[in-house]
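Q: From first to last, the protein sequence lines are chains A and B.
When we follow our numbering, the leftmost residue of the first sequence carries the number 1, and every step to the right adds one.
When we follow our numbering, the leftmost residue of the second sequence carries the number 1001, and every step to the right adds one.
Keep in mind that the hints are not guaranteed to be accurate.
[As the list claims (entries may be wrong)] Have a look at the derived ranges for each label pair, beta carbon to beta carbon: (1) B:E1063 to A:N97: 33 to 43 Å; (2) A:P76 to B:V1003: 37 to 47 Å; (3) B:S1083 to A:T5: 37 to 47 Å; (4) A:L80 to B:G1053: 43 to 53 Å; (5) A:K104 to B:V1003: 39 to 49 Å; (6) B:S1054 to A:R81: 38 to 48 Å; (7) B:S1073 to A:S25: 36 to 46 Å; (8) B:L1113 to A:T79: 33 to 43 Å; (9) A:N23 to B:Q1060: 20 to 30 Å.
[Claimed, not checked] Below 30 Å or equal to it, Euclidean Cα-Cα: the simulated DSBU-like pairs (lysine-lysine) are: (10) B:K1041 to A:K3; (11) A:K3 to A:K69; (12) B:K1064 to A:K3.
It should be emphasised that the hints constitute simulated quantities derived from the structure, not laboratory data.
Where is the CB? At the ideal position from N, CA and C, for every residue including glycine.
Each chain is listed here by its residues.
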Amino acid sequence: DAKTTQPTSMDCAEGRAANLPCNHSTISGNEYVYWYRQIHSQGPQYIIHGLKNNETNEMASLIITEDRKSSTLILPHATLRDTAVYYCIVTDASSGNTPLVFGKGTRLSVIA
Amino acid sequence: GAVVSQHPSRVICKSGTSVKIECRSLDFQATTMFWYRQFPKQSLMLMATSNEGSKATYEQGVEKDKFLINHASLTLSTLTVTSAHPEDSSFYICSARDKTRQFFGPGTRLTVL
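Given only the sequences and the hints, what does the whole structure look like? Please build it.
A: This is the structure in structure tokens:
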């Protein structure tokens, strides 16, 4: 079972920041928060991951609450090409045999 | 990031035939690869975990005799759908892990007529 809860869908205006929330209230101490996205008919694409500190890379920022029970993925300037399903996944990254388990994700529509 | 390739990207076959899908990690070695299946408007469902040099581990409800997995080397895993039927039509996606992240192939769309 997926350990996360995400809104089913969200809209965002092109050029604005897209803030995608994720609840993971049962996260354990050794579990990381991963974000992937899937553009239609493609394989999932890695975006970012974190343990407890906020993270930023060229694609996005990840804000994790102090109690680690929720997080927010931020796309600072959304473009039409960011339209995709975004998956928040909690997993123990220390085990090489542990696969990612996907929930239903959030369908983000970026609107011109 | 690391690259995972799949071949073919799209295949159409007749009912009763077998189809092989290849998954390669192009710039890293993967002792473990994963196979997922995705039906229209649904999320990815894990089918099996493929371990180099040993038998694959299948998820509950996935028939190991129908979905044959061979992980022959550290860069190649294959999924063979045997005696395919229309209900096997789906989007099949493989994945491989390096030390910290899981990378996904572009997927193979299988259509069984």
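Q: Next step is simple, just say for each hint if it's right about the structure.
A: How the hints compare with the structure:
1. The given range of 33 to 43 Å is broken by B:E1063 and A:N97, whose C-beta atoms sit roughly 22 Å from each other.
2. At about 26 Å, the CB distance of A:P76 to B:V1003 disagrees with the hint of 37 to 47 Å.
3. The hinted window of 37 to 47 Å between B:S1083 and A:T5 holds, with their beta carbons roughly 39 Å apart.
4. Between A:L80 and B:G1053 the beta carbons are some 45 Å apart, a value that agrees with the proposed interval 43 to 53 Å.
5. Between A:K104 and B:V1003 the CB atoms are about 27 Å apart, so this pair departs from the stated range of 39 to 49 Å.
6. Here the CB-CB span from B:S1054 to A:R81 is close to 40 Å, well matched to the stated 38 to 48 Å.
7. Look at B:S1073 against A:S25: about 41 Å separates their beta carbons, and that is inside 36 to 46 Å.
8. Checked against the given bound of 33 to 43 Å, the beta carbons of B:L1113 and A:T79, roughly 38 Å apart, stay inside it.
9. Between A:N23 and B:Q1060 the Cβ separation comes to about 26 Å, which falls inside the hinted range of 20 to 30 Å.
10. A threshold of 30 Å between alpha carbons decides the hint, and for B:K1041 with A:K3 the separation of about 20 Å falls inside it, so the pair holds.
11. The straight-line distance between the Cα atoms of A:K3 and A:K69 is roughly 11 Å, inside the 30 Å bound, and the hint therefore holds.
12. Restraint check: the Cα-Cα separation between B:K1064 and A:K3 comes to about 27 Å, which is no more than 30 Å; the hinted pair holds.
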